[in-house]
Structures are given as structure tokens and as C-alpha cells.
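Based on these hints, arrange chains B, C and D on the given structure of chain A.
Listed below are the residues making up each chain.
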Amino acid sequence: MAEFLTLAQAIERYVDNGDSVALEGFTHLIPFAAGHEIIRQGKRDLALIRMTPDLIYDQLIGAGSARKLIFSWGGNPGVGSLHRFRDAVENDWPAPLEIVEHSHAAMAAAYAAGASNLPFGVLRGYIGSDLPKQNHTIKTIECPFTGEHLAAVPALRPDVAIVHAQQANRSGDVLIHGIIGIQKEAILAAKRAIVTVEEIVDEFSHPPHSIVVPNWVISAVCEVPGGAKPSYAHGYYHRDNAFYIEWDTIARDRERFTAWIDENVKKAPANA
Amino acid sequence: MAEFLTLAQAIERYVDNGDSVALEGFTHLIPFAAGHEIIRQGKRDLALIRMTPDLIYDQLIGAGSARKLIFSWGGNPGVGSLHRFRDAVENDWPAPLEIVEHSHAAMAAAYAAGASNLPFGVLRGYIGSDLPKQNHTIKTIECPFTGEHLAAVPALRPDVAIVHAQQANRSGDVLIHGIIGIQKEAILAAKRAIVTVEEIVDEFSHPPHSIVVPNWVISAVCEVPGGAKPSYAHGYYHRDNAFYIEWDTIARDRERFTAWIDENVKKAPANA
Amino acid sequence: MPETTYTNDELMAAEAARHLRDGAVCFVGIGLPSTAANLARLTHAPNLVLIYESGTIGTKPSVLPLSIGDGELAETADAVVSVPEIFAYWLQGGRIDVGFLGAAQIDRYCNLNTTVIGDYEKPKTRLPGAGGAPEIATSAKEVLMIMKQDKRTFVDRLDFVTTAGYFTGGDSRERSGAPGAGPTRVITNLGVFVPDSKTKELTLVQLHPGVDVEQVRAATGWPLRVAGELAQTPEPPAETLAVLRDLQARTKAAHAGG
Amino acid sequence: MPETTYTNDELMAAEAARHLRDGAVCFVGIGLPSTAANLARLTHAPNLVLIYESGTIGTKPSVLPLSIGDGELAETADAVVSVPEIFAYWLQGGRIDVGFLGAAQIDRYCNLNTTVIGDYEKPKTRLPGAGGAPEIATSAKEVLMIMKQDKRTFVDRLDFVTTAGYFTGGDSRERSGAPGAGPTRVITNLGVFVPDSKTKELTLVQLHPGVDVEQVRAATGWPLRVAGELAQTPEPPAETLAVLRDLQARTKAAHAGG
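Protein chains in written order, with my numbering: chain A, 535 to 806; chain B, 535 to 806; chain C, 14 to 271; chain D, 14 to 271.
Just to be clear, a hint being listed does not mean it is correct.
Computed list of chain A residues with no C-beta within reach of chain C, every gap over 10 Å [said to hold, decoys possible]:
(1) N651
(2) K763
(3) N798
If you only want the chain D side, here are some residues facing chain A, beta carbon under 7 Å, derived [said to hold, decoys possible]:
(4) S189
(5) A232
(6) R238
(7) G241
(8) L243
If you are wondering where the hints come from, they were derived from the structure by calculation, not from laboratory data.
Each residue gets a CB set at the ideal place from its N, CA and C atoms; glycine is no exception.
For reference, chain A alone in the conformation it holds in the complex (with noise of 0.2 Å):
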């Protein structure tokens, strides 16, 4: 049952160093505030999961919060690099980075799998491909009926997943609407879920190409508006695509980003 809490409440009760956590929104409704909150509150040795890691594991991994990286997509959608993710790759900076890695499509599988209590994934994929090569846990699976070989991947469960939603009703169940990507397979692969928000309404406006998640699958609801900004929420803001750009410059540089990290999250109030 949903409780609702302030974000730096969730935070604090239901992230633990060294917890295994999934900040998700693919490509959208992608959840920057409480990604800062984790940056503010110090939460270390994070293995985070994530398909696209975005602008904001970009800032996690260079904060320091993370010691490994689950992904299928690492760049900054549009523009280029993850400076700081490549900074950790390269050159261990802040700390060296343990990276396990996936097509979208294996990914997808892991956490659906996750989501129904399945051990592992099965998909038509990663054929001819070096990925299984460098990632272990990737296997092949013989098919009972036609002998074939397909993949399996291990199903994501992750300690604690994290999304943002357009609406909370009184209740706690939430409204996802657009873009609906990973976000209700995160909620139900993982252990606990906290969800923000950008309003809490008395009725739902139910638009086409909406999902609700019902309460008693949720650990927490916070209101956080613009909890998703740079980062869209369709129907209440766009995408910051300025900013988006600016990052480039932003993260290339270790001192510029460590600053950048200071003024904007570490320095700005908690979410309380």
C-alpha cells in the first residue's frame, strides 16, 4: 500500500548503499529529482540498472554514487557521449565501474521476466554478436519442441525501482500516460518501488495511451513537480533539449561537472 512520503523520506527509508536500483523512463518521464535526491543524500556502491543511463546516471556514476552499471544504451540521446560514463569506463573516474551490458531487447526480456517472477528471459537474440563474449550472463537456452538454441538473459530484480508519473490519485495508484516504456515492469520487478509525481488528483483524466499502477504495488508516492525536468513529462512540460546539449560540455570536463554537481543538486534544497 502507497504511503505518501516526501522524496527525501523515500530516499532515505528505501535506498540502502549498495542496493541494486532501477531508475527508469525510457526516454522519457525519466526521474532527475529523486536521482539528485540519492546524489544528496550520499548513497554509495549503488549497482544501477537502468536501459538508456541518460543524463542522470551520467551525473550518479560521476557523483560517485555508483559501483556498477546494468544498461543497453549509453549516450546522450541526440547529441553524443556520456562524458561521465565514458570517464569511468576509460579511466576508473571517480572509481572504477563494473558494467554489465544488453541489447534493448534482452533488457526488455530481463525485466518483463523480473516482472513475472520468471529466473530468466528468452529471446530470438544477441545473434552473431560479441556482447555474450564480455557479458557472462548471458546464456543459450535449447528449445524443447524444435531443438533451437535461443538466448537467456537472468531476470532483473532489482532492490528498489524508481519511476515518475504524470498523476497519484488519493489512493496512491498512478497514471503513466505517453511514452509508457519499462516503467510498470521496473515497479513489478523489483522489490520496492517509489514513485514521483507530478500532481496528486481527486480523478484521473484517463488520456488515450494511458496506464495506471495500482497502490498496493508501490511503496511510496511523492509529489515532486518538474520531478522529471530536463526530461519530459508528457503533458506538463517538454523536454529541455538546450540543456540536453549543454551537458556535452558540462560533464566533459571533471572540475566543470563536479561544480555543476555542487551548485545544482548538492546545494539545492532536499525534496523534504
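Just chains B, C and D, lined up with the frame of chain A:
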């Protein structure tokens, strides 16, 4: 790309004797009109696939259209037995009926596997059940990560899927609204798909809990108002519960059943 | 003993409803389970979450559905999902607190038959089959059973095990890998049974008003285990009965039409 | 030869667009693939079905998306589905006619690297990684490639095979069990390549206006196979250029804001 056809044309063109045919619609939007057209056209030796055979398959089985049935719950919902199904299984009337019997969870996984172009579906299923002793298509698969044993079922890939939906637009895209069941999976698992609809509209109404299936995965769209009766079409008409109860009496007796089919199906006008 | 002012079905529904705690997530079949679950929701458990296998989550029907796919289940649901999703993410996903089942036949270890009476290949009576039961019974955290009891339903040996309860008793269910704990209570028209904590054999622990142990023995197809102390099923409170009768009157009115 | 009145990117987009037939179902990546696919949709292929991996099916954006998850992709889509569904039911399900990809590096058999330059454990340059490409390249019925060509992108040996093309050539792809036929055309800033029907080695078959074979050889990291007869890429028609420039002007205006 969906073509607009009459139901008679669609059944004639896309359903062949001996085909595996899935007329789906989980307790809602059951495509009765299409079933009746199949009987009228005298299609034979069909392998019928449907989670809940319901009255529609009781009619097809009793009328002698089927040689095989793949199913997971064969009752008259809220009423009792399907007498034509029972008579076929118990007494080979009007012909022997091969049955392949699943649980709902397994059959849903088998359709999803078919839609996903996977050769098998995996589930934590059939634990302690005698079903795998009778249905030899149920096998065991070992998780390559945990060593756990899970049930595997072969993907369902019908020759033809037939479903009923509320609306098609002028392009032949189809909107299903309310309980969405297994219809999308049946369409995507099948080689060919026929959709009967209540009406053709200029713009979809997009009510909550609706999905759209694009025209290019559908072979034919047929406008058949009332095509789900005596089942129901959410937003159009209710389930004819009185008929479901009456069916118990009609179907209990071979002669009465045959007379009913003659009168109400065979002598009824084709949906041309 | 006061005059009986309620039917056996009403008593069973009220007794079953009593065991559904508020806030529990309940995967419900049609018939008595659905009646009892909705009764609980309309009385002491307003936050009971009802899930029907047609994919309706958190549904709040004003009348009892005749099939698990009635339209009102979707209209009043918090969310409607596909059938593959309801079984994979919600049931198999471990999100169900209570699976609520009936059956044609049960044995002393709570295994269920809904498939055939007689031989599978040449059945005397072909029953509807499995539906959702095999996975509800193994994946729900616990299972509540409600069914009519006589020697044809409470049998020494099932003709077919459609759905597992406690297998052959003892720790055989635990060893099977079934995620859920299994049936915790069987409510019949005569009394209430719970599995023995060690052997898992069904034990009569409670009698309905006016029923004696011999009646129950006579309706049980195996040598019945009876608890040392037998409780008596409380009579349904007047308020509960009123709610139940209202619900059934509304249901009758709603389903009467064509 | 007339004065060049178009850019290289415009020529590439127009040439790629030309090869998308009306009504085809196209799984599109961001950048040049997205530009070319939308150009085709706005010119000769109004019924081209665009699918982005964010789950938008049949989307008709008025401006080019900056990321595969831009809001307008959902607003103008026929259907929006989850990410697991787009990959399982639609891509793996065999519903995609054309997968449209770019890459950092390609080899003569159309294998692609988007993972690392240098050693995987100690990379010189860490690239973004696989994304949807490995399964787009194997499950789509055919694959169209569009990319900038020089000796660092057209390489003799990939540091890492992220995504398979024709493996080691010949029938090695067929033997792999990959459902789709593989890349059928590679369009670069210099010309167009198709795989040899037997060896599957990329063969230069077409030059862009003003480009000669030596320039292409100089930008290819392996001994280049050249077709006996070389076609010339048609210059983009004025109408196509006008549509493309309108699209890009609208895109720039739309994305300029914060």
C-alpha cells in the same frame, strides 16, 4: 494491409478445411457471427483453439466443424456444462474430438510466445497437476542460471485468428475496448487475421482501457454489428445471460441442438 | 438454538468473507468465491483488492458478475490488463495474497479435480477443466476454498489432479517448488477444515450451527480427522445478511434482462 | 555538372528515402535514418509505417524527434505499447519490413560496431553500445544502413561486433538462424553499396554526383570491391529538397526552446 470484406468473403478466403483456427475474445467480444459463418460454409476438420470454448465452440463442435480442440476451460460460464463439447469427448458425437488441454496461464503464455515468434512459452505452471500426463506437449525446461525447473509449452501459431472488436477506422485499424483479453496476441500469433467490428468510424473514441491494433497485421475487416451476440460488446450491448441459460437446454439434446443450428445458423442469411 | 433465518449459501459466503482481511489482494473465481469476496468488500474490507482472471484489477462491481468477464468488472476497475499480463505479472509475479477457489472434487490433501470423473480418455463425466486454478493454487500466497460437501465431492481418491493442494501431504508441497503456502481453509456447507500443520491432512475444526460431526463424517469420502475442540461458525450478523441480500437482489435484477 | 545546391546529408537522406516503399513497416533509429524515413513518408510513401523503439507504432511526427522517445511520437501514433512489447511482439514477432540503422563502424560484411574502439576491458573510446541494433539487424526482414564513410568507419576489422550483418560472408548468416535477410543497402556520403549475392561482401554499385571511385577507395579500410557498371545517385528533386528543408526548419524551430 487490412481489406474491407463481407464476413462471408473473409471466411471463404481465409479459412480452409483443416486449418487451425482461433476465434478469441476472453469472456467478451466473442466472435459468434464469424463462428456461424464458418458453420454455414461447411468448413471441416478444423483444429479449434480458444481458452474458453464457450457456446461458440459448443456450436462448432456440435455442428461437426472440428477435429481437434486446444483449450483451457470448457464450461458454460455461470451456467454449467457445454453439452456438445461433452458429447463429443464422452461419446464421439458427431465425431471424435482430439483434445489438447492447458491451464489458462499456460495457454496465455503459448499465445504470447506465438505473438513473439518464440517457439515456446515458459511459466511456473502445472506444479503437482496431472495435466502434463495427458497433454504431452507440456514439457519441462531448466533455468540456465538457477537450475530451477519450469513448465514449457509450445507456441500457438494458428493459421487464422478471428476476433470481434468495437470499431475500425477507415484505414482498417481496429479499436478494442473494455476487457482486452487475449485478442492482440491471437492476431499477432496467427498467419492470417479476420476482425469483425460493430461499426466503422471516422475517428476512434479512445475510451479508457482501449487498445488499437494497426491495419497492417490484419487480413480482413468486416463490419458485423451485433457480431458478438449473445456475448457482449462493451459500450454497445450487454451479454444475453438468458440465452446462455437457455443454451443449457438447447445443447443438452442432440436433436434440439441440430434443429437450433439449422434454424438459426444454416438457414440464416450469410453475412454477405 | 434460534430459528435459522439464513440459507446455507449465505452462511458459507459470510464465513468465507470473514477470513478476507481488509487490503488483501484476492484472485477470485466465479460463483461462491466471487459472492464471498464482494460481500467482504461491501462489509468489513472496503479496501479488498479483487482481481478476476479476465484482467480486471481492483474491480468494484455493484452486482455479482455472471462470468469472470462481465463488462462492469472493467468499468469499475483500477486497471484492465491483458490475459497474458494478469497471469504473468500479477499472479505468477507473486502479487496475489489470496487465491479463492471452488472445485468439483477435493481430497484430504486439498488436491482438486475439475477435469474428469472416470478415465481421462473415456470419461464418465467431462468437467470444464483447469482454467486458472493450477497456477492460482501454486502462486497465490495462500488459497481459500469454498465448496459443497458430500461423498462425491470430498473423495478418497481423485480421478484426476487438476490442481495441487498439499500433494501427498507432509512437506511434499514445499519440496515441489510451488511458491505459495497452499490452501489454508476449506469452507463447506457443513463446516470448516484446515490442513494439519504437519501432515497437511484436512482437519475439521469448526461446525456450522445445527451440524454435528457425524453428518460431516457421512459427507466425507475418507476417515475424517476431527480437531480436539470444535468451534462453531458464528451466525451471519443481520447487517452482513442485509448487505448480501441487497447484492443478490441487485444482481438478479441486473442479469434478468436479455 | 550543375552547381551543387544540396548538402551531402540531404543527398544521403533523399537517396535512402527513395528505397523505402510505400506501405513498408520501418523500425527507425534517431539521426539520418529518422530523417530519411520521415522524408519518405512526406513524399512518395505516405503510408510508410514508422516504429520507434520507444513503443510508438505508426507515428507521424510533424518535426524530427531528437530522441526516440519524443512526446510527439506518442501523440501522433496509431498505438503506443510498452518497450517489452515493441521488441517481443513487433520486432521479434517478424512484423518489421525494414530495419534502418546507422553505426560507428562497419566491416566489409556489414557487421557493425557501436560498443568500443580498442579493447573492451580498457577501451580507447567507449561508445554508447547496442541499443536495439543487434535484434533489429537479425529480426527485420531487411536492413538499410546509412552512415558517414571514412577509414575510421569503414574498417578492415571491427574492434567489437555489436551487431551482425553477414558474419564472415557467404552463407554464414543463413546458418546462424537469424530470421531476417540482412542488410540490403549501405548508403554513405560517397556512394551506395550492396552485398554481393554470393560472398556477401559489400560492393560499391553507385557513386554520388562528383565522387569518383578513388575517393571511395581512399575512404574504405579494406580492398574495395567495385561493380562493373557504376550507377550515379540521382540528384534530389527540388520538391524532395523543399520538403526536407521544411521538415528541418520546423524541427529546428520546435527544438530550439527550453
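Quick rundown of the hints versus the structure:
With a least beta-carbon separation of about 5 Å from chain C, A:N651 fails to lie farther than 10 Å from that chain, contradicting its non-interface assignment. Remark: the non-interface label on A:K763 is consistent with the geometry, its nearest Cβ contact in chain C lying 27 Å away (cut-off 10 Å). With a minimum CB-CB distance of about 37 Å to chain C, A:N798 clears the 10 Å threshold, and the non-interface call stands. For D:S189, the shortest C-beta to C-beta distance to chain A is roughly 5 Å, which falls under 7 Å, so the interface hint holds.
At about 22 Å, the closest approach between the beta carbon of D:A232 and any beta carbon in chain A exceeds 7 Å, and the interface hint on this residue is violated. The beta carbon of D:R238 comes no nearer than 21 Å to any beta carbon in chain A, farther than 7 Å, and the hint placing it at the interface is violated. Here the hint on D:G241 is broken, as its CB sits about 30 Å from the closest CB of chain A, past 7 Å. Annotation: D:L243 was flagged as interfacial toward chain A, and the flag is violated, the nearest CB pair being 30 Å apart, outside 7 Å.
Checked against the numbered hints listed earlier, the structure breaks hints 1, 5, 6, 7 and 8; every other hint is satisfied.
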